[in-house]
Amino acid sequence: MDPQAAKYIGAGLAMLGMIGAGIGLGVLFGNYLNGALRNPSAAAGERPMLFLGMALTEALGIFALVVAFLILFS
Amino acid sequence: MAQIDPMHQFQIRRIVELPTVAGVDLSITNSVLAMLIAAGAICLFLAAITAKAAIVPGRMQSVGESLYLLVNDLAESIIGHEGKKFFPFVFTLFAFIMAMNMFGMFIVVFTPTSQLAVTATLAVLTILIVLIVGFARNGLGFFKLFVPSGVPVALLPLMVPIEVISFLVRPLTLALRLFGNMIGGHVVLNIFGSFVVSLGLLGLAGGVATLGFGGSVLALGSVVALLALEFIVAFLQAFVFAALACVYLNDVVNLHHH
Chain V
-10 MDPQAAKYIG AGLAMLGMIG AGIGLGVLFG NYLNGALRNP SAAAGERPML
40 FLGMALTEAL GIFALVVAFL ILFS
Chain L
1280 MAQIDPMHQF QIRRIVELPT VAGVDLSITN SVLAMLIAAG AICLFLAAIT
1330 AKAAIVPGRM QSVGESLYLL VNDLAESIIG HEGKKFFPFV FTLFAFIMAM
1380 NMFGMFIVVF TPTSQLAVTA TLAVLTILIV LIVGFARNGL GFFKLFVPSG
1430 VPVALLPLMV PIEVISFLVR PLTLALRLFG NMIGGHVVLN IFGSFVVSLG
1480 LLGLAGGVAT LGFGGSVLAL GSVVALLALE FIVAFLQAFV FAALACVYLN
1530 DVVNLHHH
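Protein chains in written order, with my numbering: chain V, -10 to 63; chain L, 1280 to 1537.
Bear in mind the hints are in silico, worked out from the structure with no lab data behind them.
Just so it is clear, CB atoms sit at the ideal spot from N, CA and C, and this is done for glycine as well.
One-sided excerpt, in silico: chain L residues whose CB lies under 7 Å from chain V:
# : residue
1 : T1452
2 : L1455
3 : R1456
4 : G1459
5 : G1463
6 : V1519
7 : A1522
Using the sequences provided together with the hints, build the complete structure.
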């Protein structure tokens, strides 16, 4: 196989890691809304934790992006 | 058709050539210029709104006050009553990163936060301050951070390496998150923007290709929506960086409460 083509396929495959980040963010925000609609008065207090969880979940997706960039531009 | 190169916007160019001193190139690049603009804009903005501070704030003053209160509440809610001590550091991080992100959204200004060197410097700075505060306040008790309380002794050989690794990964994730978000957002905007032009040119060919105009309009709509999203991300990433700095500081400030 052409090495350049293999590079592009590899970068594409590396981005599959984003699936996990997507599922994670969906679970995170879904559950936050679930809790927030049941008890709206407690929702504001949990917002920093929501963004914290978002940041940690998203970091894993970003790792996949970085691996894809490394494959693409190395 | 011209080759689309979404990474072109991240190229560093020298604007003012300066000599190399002790192996460090002192030239002012577009990245440095954007950082100077960001830092200067924050100083000017905060000086301007506090120069004529009124009890009933005007428009600009209430923007500044809400930024202050946002970070103040964040520091107090995460670190507790000692959050005030770390407020200047956290607010500086937040304001600087947000200014860099926001100015970077305008096409003429370079985005310094899309350079790993810049985000890694900020992340290493944060972790160094966490280490200094940790050792200054707790001495060697700092290492208790790696030994979670209430864990059975049999599990400690497993838990301690995990805690050490998770601590070591912190500067890495801190740097990569900001870098990845900014570079990802700008690349997506660039690619969708190039769709507008290339599908529009395709539509000019006539016949079935006229459908290209529809695609072009669709792409233009997505660029507008993505641009709005990117402004939210620019703010949110600065907020997340500040929040994580608070969380890491809280770990060492309130070590005995663990």
